[in-house]
Amino acid sequence: MVRVDGSGNSQGLIRARGLNKTYSRGGEKIQVLQGLNLDVDKGDFVAFMGPSGSGKTTLLNLLGGLDVPSAGSITVAGDEITHMSGSKLTQWRARHVGFIFQMYNLIPVLTAYQNVELPLLLTKLSRSERRKHVETALAVVGLTDRMHHYPRQLSGGQEQRVTIARAIVSDPTFLLCDEPTGDLDRKSADEIMALIEELVGKYGKTVLMVTHDPLVAARAHTTLHLEKGVLVEGKTPREGVFAGGAA
Amino acid sequence: MKFWRLIFANLFRKKVRLILTVGSFAIALVLFTFLAVVRSAFNRGIEIAGADRLVVVDRVGLMNLMPISYADKIAAIPGVKAVTHDHWFGGVYQDEKNFFPQFVIDAENHRKVYPEFMVPDGQWNNFAKDRQGAIAGAKLAERFHWKVGDRIPIKTTLYGGATWEFNLDGIYHTEKPDGDQGQFWLQWKYFDENVPSVIKSTAGWYIIKLNNPDDAARVAKAIDEKFANSPHETKTETESAFAGYFAKQFGNIQFLIMTIGGVVFFTLLLVTGNTMAISVRERTSELGVLKAIGLTDRSVLFLVLAESLAIAFFGGVLGLALALVMIPGISGAITGLLPPLLLSKPMLSFGLGFALFVGAASGLLPGIGAMRMRVVNALRRV
Ligand SMILES: Nc1ncnc2c1ncn2[C@@H]1O[C@H](COP(=O)(O)OP(=O)(O)OP(=O)(O)O)[C@@H](O)[C@H]1O
Ligand SMILES: [Mg+2]
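Taken in order, these protein sequences are the chains called A and B. Following my numbering, the residues of the first sequence are numbered contiguously, the last one being 260. Following my numbering, the residues of the second sequence are numbered contiguously, the last one being 383.
Here chain B stands alone, though its shape is the one from the complex (with noise of 0.2 Å):
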């Protein structure tokens, strides 16, 4: 493109103001990806869910717990391969804003169920014989700086406000990396061994694989049919539908964020539009002349295209630098309360894609404008 140096030059014209709107660019850019990777971290609960999995909840509310004997009863419906429990422990380490999920797993068949954590054997079986042995997320154990064989001792506030101490035999990774990896597991019978008696021999949700993920509709019937009318009724559930169940209790935030996003949106689209057009409207003789010379409208709207997409670009891809490095940091202070917020690749494409947008949307009309521009006229504006 023989005009990039007139393009260039037009564009440094008035240096405050390209400062100005690349700078509006790539902080509407550091916000979009953000309120993204917040959206995303939401939703991943959603996008990873096994197919394979069911959730059965008791059928007045999460907070019920199920007698544990419902597992043996599940394990024998056709088309169930394993079936583990989990119960939430809810406890605290060392301080409130240390938050991080604890949950009380069946160390005998959370394997089978979940083979996308992955733990050594060799910390496995220690885990398995250890009465008050724990496991960690890798992330989990990073943030804390946890090595096996650490002693973690976490304050319970369900149940009797003692503190437990454990002792960490193994580390868990996720096969990807944006997995789940900052879960804390204890072992259900230490638990139950030490929980008042109310809350013995319970479980608080049953998760089931299933041999097959289309038997997930009959499966899900057949255990809530098994468990109607008698004292604690069941809610059979895929896992995404599960996972959405939390989702949905953000379903604001969502709505949230959605909103911000289009604010930021149509706010960058006026903004940078304005300037396009002010900057137009500035050089009319100029354009009168380029075309007096034989440039042909189209190259017109086009300079004027390649420019306000060049400012999208420079402020776009600013913008996603300040969000590579910002988002860690964001990520790190607010761990626990959401699962990481990654900067995946592909977001990182869809932003540029969406300040490009910006960038010829707001060229658009200006562009048209000039392009539409008679030469007589443009000239007798000196």
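Extracted from the complex, chain A is given alone in its bound form (with noise of 0.2 Å):
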């Protein structure tokens, strides 16, 4: 159940109250976030919307553990992460965050199998655990037989699918997703939310993405529009792509 109103009960997964964030750019106070409220349960599959420079990615950075808001408090799985010093948030974030972002962001100089391996050499497992983990993740993203690859041997959606693969290979608490499909063509983004789904549904997933595409929020299973520094509940997606149109 995914709440906006602060209600959320303590049970829930990710609890954030009264999120601020202020940025100052040359003296002048840019207010991004005020007061936003926020609760997902385990398994939630949220889509943001919301106008460009509403604060869309900025509310997933923070969600994320990779900036700290001006004032609220954010708390994931009973640990509150907002006052986590930069260290803790780092192996915080290796733990527990799957990053999807827009651009692919793979280390081009390095294989698909090492751009995923590159979280778990963060941790205690061995070789061998390592390459069952990984070549799992290459199969849930189905490019077992791509894993030699190098990412500018790969498509778009391919590339796009290693960054999944990389994202879940270390089993983290919840994926964050910052237009995951911004960048491809319609077939490849159906992919990639097929896959995403697949995720939520047969693997449990919990999955918070940002979208400009009503047609890829529409595969959530709850949609939010940032509206002057809060959340609001949708009107339903079927509104949203006949108002918005495919982008």
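I should point out that these hints are in silico values taken from the structure, not numbers from a laboratory. Be careful, since some hints might not be right.
[As the list claims (entries may be wrong)] Calculated pairs, DSS-like style, for lysine-lysine (alpha carbon to alpha carbon, straight line, at most 25 Å):
1) B:K3 / A:K145
2) B:K190 / B:K177
3) B:K201 / B:K227
4) B:K227 / A:K137
5) B:K15 / B:K3
6) A:K241 / A:K42
7) A:K101 / B:K3
8) B:K236 / B:K113
9) B:K98 / B:K113
Two independent chains are provided; combine them into the complex using the hints.
As structure tokens, this is what we get:
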């Protein structure tokens, strides 16, 4: 169950309360988030929409522990991350968050296999255990036959699937996707979305996703809109499609 | 280190750049080691000088000769164990460019003062008996393919221009392999018989062996006082001060060497520092991703440092290998002008240390930049 009114109980997986984020640019303050509340349960699949500059990426960065809010708190699986020190937060990210960004962000000089293995290098897993995990992750995204290819030898959709494999390989608590299909054509986007749906439906992953594309957002269980620094629950996804048009 | 593959892959990301950077390290290291060996060749005289030896020269200057009678007077001073004397012969063997130092030595006492020059007793005895005898250092003999028994003609430039003939009676070695094995010795008695009368019965300089190095100052003072107010006043110094006086003749060269070395150092630092800064900047978003995944700031610094250290290491090793090959060649080409150029083990380690230091220093600023970079900003620049 996803809530934006701050009424969720402490059983939820992710709980944000009164989030504020202010940037100062040349003396001028920009308030991006203003008292935002959010509750997400395990296994939820949430899409965030909103105009460009509304703060979607900012929110995702805060939830993923990449940035700290100006005020408010975020609790994930009982851990309050807003007061963690830099290195604690880094460790927490490694354990709990899988990131999928718009640009595939693979290391170009490493093969698909090596890219997916990266997060595991931070764990105590042995070489053979790492191999098992990497192969499983690549199998989930359907790229077993491409694992020794370099990113430049892969299509955009395949690259994004490698990114997904890298995000899930360490079995994180939840996945954050910032416009995962933003750079892809319709067909590849559909494939990626089918994959993410499978991660939610079959593997019980919790996914928070930012998108501009109403068709993509329609795949999520819930769509939330960022408006004036807070989240509001969607009009139905269908309405969005016709109101916004396909990207 | 589990990230070695990433470090390695990053290293080979831009092959041309890698070759150029490793190449600058290698060339800088060749130059650096060359400067270091030349410098050490200049200084070697001072380093190997005996602490228990004094050198007596005419107060007016090294070119002024002193009476040979000083030898006995000096020997009588308490604390003096042995006295010998030298002359500079300054001849030419076959061709001007075959320069090597020739010393007119006093066969009776030379060995007592210079035990580090080792000549087999049989050879020495032949030399002592042979008026036209000569002894050559092992390196010198090797250079001209001389064997004991060869007859060696040397044309004088200082003493009348005649060609003198010598019999090579012996070869000397030094205890340490880097000792000076490039001298040529001839007998003072033969010299004295054949030089013009103004030079007869003279010594160019005296060398004194002390019973106890602690007496150096006292004995030096006693010698100079003894000959005060005579036509040939003396100046007595320790051998290292004397050698230092020669090295000081090259004082500007020393300064030049240090300056060139400094320029090499800073150029290399700037070149590699700039290269590392560029490669870090190119990878901003990748570093951001690595941090998002959970690499700590310190690991990111480590990645950058490891890369610049690896470049420095490969370039350094390559440069030192080149230097090892080249320096004996260069040394051969300039024999006689300088003591042999020797690339010693400490110099090799120092060279590698130098390379690694530059590597670390040039990776440090870009590395700290990468460390401080905030993930959100790094990712926004995609
Ligand atoms: N580091 C920063 N310094 C100053 N302002 C920033 C910074 N990061 C973001 N902003 C501003 O905060 C606002 C929200 O940015 P954000 O990237 O979260 O928007 P978004 O909803 O993700 O936009 P888009 O759909 O274009 O990706 C924007 O006005 C942006 O200019
Ligand atoms: Mg955004």
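Given the hint that K98 (chain B) pairs with K113 (chain B), does the C-alpha gap stay at or below 25 Å?
Roughly 33 Å between the alpha carbons, so the hint for K98 (chain B) and K113 (chain B) is violated.
Starting from K236 (chain B), check that the Cα of K113 (chain B) is at most 25 Å away, please.
Since the Cα atoms of K236 (chain B) and K113 (chain B) sit roughly 22 Å apart, the hinted pair holds (cutoff 25 Å).
Need the status of pair K101 (chain A), K3 (chain B): alpha-carbon distance at most 25 Å?
Holds: K101 (chain A) and K3 (chain B) sit about 21 Å apart, inside 25 Å.
Given the hint that K227 (chain B) pairs with K137 (chain A), test it: the Cα-Cα distance must not exceed 25 Å.
violated, 83 Å
Does K145 (chain A) sit within 25 Å of K3 (chain B), going by the straight-line distance between their CA atoms?
holds, 17 Å
Can you confirm whether the C-alpha distance between K241 (chain A) and K42 (chain A) stays at or below 25 Å?
holds, 15 Å
Given hint K227 (chain B) paired with K201 (chain B) - CA-CA distance at most 25 Å:
holds, 23 Å
For K15 (chain B) and K3 (chain B), compute the direct alpha-carbon distance and say whether it is at most 25 Å.
holds, 22 Å
Decide if the proposed pair is consistent with the structure: K190 (chain B) and K177 (chain B), CA atoms, cutoff 25 Å inclusive.
Violated, because 30 Å separates the two Cα atoms, which is more than 25 Å.
When each numbered hint is compared with the structure, violations occur for hints 2, 4, 9.
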